[in-house]
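S.K.: Just so you know, the protein sequences line up as chains P, R and G, in that order.
Start counting the first sequence at 1; every next residue gets the next number (our numbering).
Start counting the second sequence at 1001; every next residue gets the next number (our numbering).
Start counting the third sequence at 2001; every next residue gets the next number (our numbering).
A few of these clues could be false.
Cross-link-like lysine-lysine pairs, in silico, DSSO-like; alpha carbons within 30 Å at most [as the list claims (entries may be wrong)]:
1) P:Lys573 with P:Lys620
2) P:Lys139 with P:Lys51
3) P:Lys18 with G:Lys2130
4) G:Lys2281 with G:Lys2252
5) P:Lys18 with G:Lys2134
6) P:Lys18 with R:Lys1093
7) P:Lys116 with P:Lys170
8) G:Lys2169 with P:Lys139
9) P:Lys243 with G:Lys2130
10) P:Lys268 with P:Lys299
11) G:Lys2169 with P:Lys18
12) P:Lys18 with G:Lys2078
13) P:Lys518 with P:Lys116
14) G:Lys2169 with G:Lys2134
15) P:Lys243 with P:Lys115
16) P:Lys42 with P:Lys118
17) P:Lys716 with P:Lys612
18) P:Lys139 with G:Lys2134
19) G:Lys2190 with P:Lys18
20) P:Lys18 with P:Lys150
21) G:Lys2252 with P:Lys18
22) G:Lys2270 with G:Lys2209
23) G:Lys2073 with G:Lys2134
24) P:Lys128 with P:Lys118
25) P:Lys619 with P:Lys716
26) P:Lys243 with G:Lys2169
27) P:Lys360 with P:Lys299
28) G:Lys2270 with P:Lys139
29) P:Lys115 with P:Lys573
30) P:Lys195 with P:Lys98
31) P:Lys374 with P:Lys340
32) R:Lys1093 with G:Lys2134
33) P:Lys195 with P:Lys243
34) P:Lys854 with P:Lys268
35) P:Lys18 with G:Lys2209
Honestly, the hints are just simulated from the structure, not real lab data.
Small disclaimer: the values here were computed from a predicted structure and weren't measured.
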Amino acid sequence: MWTTKTFLTKTKRGNILKIVREHYLRDDLLCGSAACNVCPHKDDEYVLDPKPESICALFDYPHYLVLDTNVVLHQIDVLEEDALTNVIILQTVLEEVKHQNTAIFQRILDVIGNKKRKFYSFVNEHHKDTYVERNPGEKQNDRNDRAIRKAASWYETHLSINNVKGQHPKIVLITDDEKNRKMAQEEGITCCSVKDYVENVNGFVGLVDKLSKNVIPESCSKDALYPAHLTPAEIHSGIRNGKLHQGTFHASRDNFLEGTATVNGYEKSILLQGHIGINRAVDGDLVAIEVFPEEEWRKPSDIVLEDKADDPGDLLEEESVLLNAVKPADNKNEITPTGKVVGIIRRKWRQYCGILLPSKFPGATRHLFTPAEKRIPRVRIETRQSDMLASQRILVALDSWPRNSRYPLGHFVRALGPIGDKDAENEVILLEHDVPHARFSEAVLACLPPNDWTIPPEEIKKRVDLRSICICSVDPPGCTDIDDALHARPTATAGVYEVGVHIADVTHFVRPATALDKEAASRSTTVYLVDKRIDMVPDLLSSNLCSLRGGEERLAFSCVWEIDENANILSTKFHKSVIKSAAAMTYEEAQIAIDDSSRNDEIARSLRTLNKLAKKLKKKRLDNGALLLASPEIRFQVDSETHEPLEVQAKKIMDTNSMVEEFMLLANVSVAQRLAEDFPQCALLRRHPSPPPANFEHFLLAARQQGFEIDVSTNKSFSKSLDEAVIPGRPYFNILLRIMATRCMMQAVYFSSGNHTQEEYYHYGLACPIYTHFTSPIRRYADVLVHRLLAASIGADVTHAELLDVRYAAALCDNLNYRHRQAQYAGRASVALNTHILFKYRVEIESAVVLAVKRNALQVLIPKYGLEGPLYLPSDMFTYNEENHMQICGDVTLKTFDELTVRLSLDSTNLQHRKLVFQLVKPFVPGFSYVPEEQKEKKPEQMEVDKEQENLKKRKDTAQSKGSKKKSKKK
Amino acid sequence: MPATDLLSSQGLRLDGRRPNELRRIRCRLGVFTQPDGSAYLEQGNTKVLAAVYGPHQASKSKLSTEGVVVNCQYSMATFSTGERKNRPRGDRKSQEMSMHLRQALTAAIKTELYPRSQIDIYVEVLQADGGAYCACVNAATLALTEAGVPLRAYVCASSASMAAAGAGSAGPEPLLDVGHVEEAAGGVVLTVAALPTTGHIALLEMSHRLHMDYFDIVLSRAMQGCRDIEVILDRAVRDHLAEGWTKQDVMTI
Amino acid sequence: MAGLLLSPTEKNFILQGVQDDFRSDGRSNIDYRPMELETDVVSHASGSARLRLANTDILVGVKTEIDTPNPDKPGLGKLEFFVDCSANATPEFEGRGGEQLANSISNMMQRAYHSSQAFDLKQLCIFEGKQCWKLYIDILILECGGNLCDAVSLAVKAALFNTRIPFVKAALMDGGNIDLQLSDDPYDSKLLNVGSAPLLVTLCKIGDKCVVDPSAEEESCSVISLVVGTTGNSKFYCSQEEAKKLPNVESKCSTIGMNGAGSVAPKTLKDAIQQGLEAAKSLDKALGQALLRERQENISFKKHSYGFLK
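If we strip away everything but chain P, and leave its shape as in the complex, we get (with noise of 0.2 Å):
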């Protein structure tokens, strides 16, 4: 059967055509019921039930259920908890979800391609006697109910061909838009509402607290707090006549009642003030903006204000307190142009983490969830289990923002654990993150080699042989996936040197396209938490078969130069080899054996030429420009039994770590070149931008006052007087320079060179003009396709279509630069966490320094631990230079550079956002700061001391016991 479906579209050009598409209509489509005498089904095709179990009250006899669109995209959790089963999901609806919601396509998806879900989708649009033409005058959505109804009441004359009556599964039509209701009621068809059926389901407790509390929120105009919202249709005709502006919203950290959003056509970003103001806008939903007149632009307010409010039922408080702390400026560059939220165009809801705030009413199903994400607004959620949820982390979904609800409505999703438990807070960080995190999948496992895989003898033979060779790993201590060895010997010329670099060949085992591959595109990067590490590749790859472990022989992927005593390459050449590491050293071990003179093996001698060239590429490499940066790095000290943090400190660099990083570089930069000669149109590289002028522009300031001019024009020149900016007596400085300087960068990206032009391959902090990644293959996917690549390129290995797809290469740098960046921040809340856990129990005074001054606070950096957060200053004693920058109290002045004792004790007040607290010990200012001689830690929690003690006590017995190098300090 043949139709066509016509309909009309505007062109780019603004023309208007008429679009005539085919659409076949089968007879060869299948019912998917156990329970069908009629189609030609094979045995593996049965999807639903003969005879279901119902487990609805409402319905006691066996039955199917059909939801219409908008219970799929509202019910989502509802339906991936594992309760309702024996449902068809039809192709109108499917193809409505997948364009209103991609998300929530994608997780429909998975839930029918999910056997033991019993979900069927069928084709309805394409089958013959399901299929309904739109009626001329017809909506869009009520053609798709029409379609929804006709696929319902086909299926249920379809089961009852050649089966006894009232035998086989009656059809249940899940909807609940009233108006559907009734016309299917009408035309015979059993219907009901989401809410009545989930409510008198039997035997699945908590199903109904995932009931999504959807209400059209533009309906509820009675008692309304909020102003409506535009209508798509207006938005679109404000945006189109310059009325409006499209912008992404973002709230505010600090304070709940204001944000902002970046609209073309403004220099600075809008600010957004109020509940009016914001209207009912999350953070990263795309809104329309009324920009106000001129005159009512303002200054942002420069204060924090927390939604402190428990429940204080659906009002809006005073806003005062904003309004008031919004002056007029006098400046004219300090004022942002305001506005206000009009409309949404489109909601960015994710599930969020946090915690339920307690009620005050025992028993009571209503009760506000506040999330972990500051910049998320409070949710309403209906659960009958808040006992039992009262100590735990959980997830939310957002549902929606009625006019009249001080609150978003959302409903809960699941626990992640107790609250302060570490898996629970653990999972928190990933899922906050967007970390993939989830078990791998069987079918990835089954990608796997066995475990007790060895190289094959024919693949050693398809090889360069470098057993014989005396390889090393160099790697911090504990560290289980080694991805790179190196080596260095004498050739038989005097004076050059063979050095090798190799790392571990992981594309042997992850083959293209296989789930494996997939999984680990998708995970895009090992993410190391303190006491945790997601891999991106499974254990048995990551910690075993593809790392170098000393002593093994592993397949690795070389790199081989010929290199001079001045450390001029003198030729490179790539080629898969096995090799057998001869030790797998950590940096101090390795620094050990070069410093140690007495020692004179195989080892010490290839360490001490690595050594020696390493420090000759560098100088050539800061010659060039190279930026030498630093940020402060923490390491904990973890027990090996609890994974509580027990000690912190600064990383500590020595120079084997510059020497393995030193032949990296290396390699990474020969890989790249070959890459780009190879693969002009998509090769996988990495760059990194140079800054903005205008991002120096407080950090010049700081150094100026302390006498410095750093010249920024190039990374030469910006390199140069970073070393001549040293103060003699105060070591700490150049490295303080060094990090501000980092915060003023950009972040490095993949991308793939078809994209790019030349020039703009250029890395800015290495000064070269071209980079890639290729040396941990284990931890980071980008290094996987390097390999892909380069194996093409030397004709170790076949290119496949994918690898040399420039769309497809160009989405893989997306999440690649994405997971990266995640990857990090979960790093970062990892610290945090560990930091908090370990100031839980201590308070330390210790010597810091100001990183940058703010309107109502400094940023201070410990360096003894990397240590950094604000040191609020009162407005009432403190006042602000704005020119200079400076907090001037009395005779104390205050400025960027500057020494300071600070005590840094831990605020649990609020058990989702603890914080460290810093406060100022030295300079001494009056009536501010801390006087540690008169023991004042222990007075604010008087009750809790005696626990405290008991529990530092025996945390450090267990320390000592465990020989760790626990500095054990008493205040």
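Guided by the hints, dock chains R and G onto chain P, whose structure is given.
M.R.: Below, chains R and G alone, put in the same frame as chain P:
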């Protein structure tokens, strides 16, 4: 480059076909009276007319003593495309199409039988919805048959594309007989004109890039399409002959 | 048509017959040969029609485009005729061979439609002075069996009758731009008022008399022919109830042209025009009936399109 989103999770294409199915083909021989042979063919929404004049004496400039000169003209009605075309022929694309037509049809015609002669083959695309070239070759074959020009075999053309593995769909899969929507999705389009009875390929043309890994499966899918089309054309010819016998020829006898 | 050979006696036979208003194929002087007409044959054109008159085969497609009106006629839309002589008709048309004939026909059509009484261009206005519809009437001549002009004019009128123009909402934006909003309902379109659209009648002078719709043989007996364009009557193109409400409008002559080497006496010319008007009127009536019947059939059941597959 395989295009994404061309196959649904149920294995159906955007218009409801399975990957190995042709569009609906309907055709008729002998549409006009003046030409020596004419045919109308529609493949889905692509509709073409073909007319054949000849063999007749070749014009001086084209004359060849070796065999018959095959003269082709590809023309598109100005209303045949979504956005109106300004001229029906003479642009580079139609000239290229004319050449490709000639290439494919010359391979099928027994040219050696008519030295110093010429055969004119004119195709007019009334509606273009993807695969116009294929429809033209198929229609021209019918028109040549009706004109009684001796052919080595039916020459049939078909296109094939590649659908990438999308959300929930199983693996990359070659698609037969590419429609306009699928063409516009930006994937590869491989066009093959072949003589299915002998298995020879008369013309192969490909747009966009395709990895060698996929080439064989895409080509074999297109070849399968040619074989399927041959069956349809053969039936049309037989029906036409039967019909002609009953209607016209009986009366003249 | 070229290549047709007639003996003097055959010519004489035809000439005598015409004088007696009894032609060799049995028709009177103002009778047409039977025609086949089908509309909506090109599915992605806004309107289309195929007309077959003896061996003449015409396919017309109407496409719509958005355009800006001429500054001196801000309230009017635009019409453009384009004729393409397909080489399918005869190898002579190959390449640019048919261009001259095509131009003469399109000029003739353009002239016939030029009058506001023939076709009201106001119905193509979207926003006065800013935007209007431009209709491209593309005529494809697939086979030539004589009497092209008449066949073309009939096919064009049928195609226009079949044309649906999408409803658009136009709003004036800041800065003088027009924002068009398109309904997502494909049924949301309007029909054109084409009742008064002109028909062309070719009168072939044979002897002292003129005949319409000459066969190829008759054409070769004639040295001159006259093309008369007359406006149609809207009454033939709507239901009877509506027709009663419409005022009576006399058909008017919108264009006259002459082809051929001979000359005509004024008296013959006058008679000829009169004869043309009469022929046009009956032709118009027959066309209207056929089109209305087809539309009726379309509403009552989904139409099966024949196209060239008949």
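S.K.: Now tell me, hint by hint, if it's right for this structure.
M.R.: Now the hints, each set against the structure:
no., hint, verdict
1, P:Lys573 with P:Lys620, "holds, 22 Å"
2, P:Lys139 with P:Lys51, "violated, 37 Å"
3, P:Lys18 with G:Lys2130, "holds, 22 Å"
4, G:Lys2281 with G:Lys2252, "holds, 11 Å"
5, P:Lys18 with G:Lys2134, "holds, 15 Å"
6, P:Lys18 with R:Lys1093, "holds, 23 Å"
7, P:Lys116 with P:Lys170, "holds, 21 Å"
8, G:Lys2169 with P:Lys139, "holds, 17 Å"
9, P:Lys243 with G:Lys2130, "holds, 22 Å"
10, P:Lys268 with P:Lys299, "holds, 11 Å"
11, G:Lys2169 with P:Lys18, "holds, 17 Å"
12, P:Lys18 with G:Lys2078, "holds, 19 Å"
13, P:Lys518 with P:Lys116, "holds, 23 Å"
14, G:Lys2169 with G:Lys2134, "holds, 17 Å"
15, P:Lys243 with P:Lys115, "violated, 51 Å"
16, P:Lys42 with P:Lys118, "holds, 16 Å"
17, P:Lys716 with P:Lys612, "holds, 24 Å"
18, P:Lys139 with G:Lys2134, "holds, 29 Å"
19, G:Lys2190 with P:Lys18, "holds, 14 Å"
20, P:Lys18 with P:Lys150, "holds, 28 Å"
21, G:Lys2252 with P:Lys18, "violated, 35 Å"
22, G:Lys2270 with G:Lys2209, "holds, 12 Å"
23, G:Lys2073 with G:Lys2134, "holds, 13 Å"
24, P:Lys128 with P:Lys118, "holds, 24 Å"
25, P:Lys619 with P:Lys716, "holds, 13 Å"
26, P:Lys243 with G:Lys2169, "holds, 20 Å"
27, P:Lys360 with P:Lys299, "violated, 38 Å"
28, G:Lys2270 with P:Lys139, "violated, 57 Å"
29, P:Lys115 with P:Lys573, "violated, 50 Å"
30, P:Lys195 with P:Lys98, "holds, 24 Å"
31, P:Lys374 with P:Lys340, "holds, 21 Å"
32, R:Lys1093 with G:Lys2134, "holds, 26 Å"
33, P:Lys195 with P:Lys243, "violated, 41 Å"
34, P:Lys854 with P:Lys268, "holds, 20 Å"
35, P:Lys18 with G:Lys2209, "violated, 48 Å"
Consistency with the previously given hints fails for numbers 2, 15, 21, 27, 28, 29, 33 and 35, ordered from lowest to highest.
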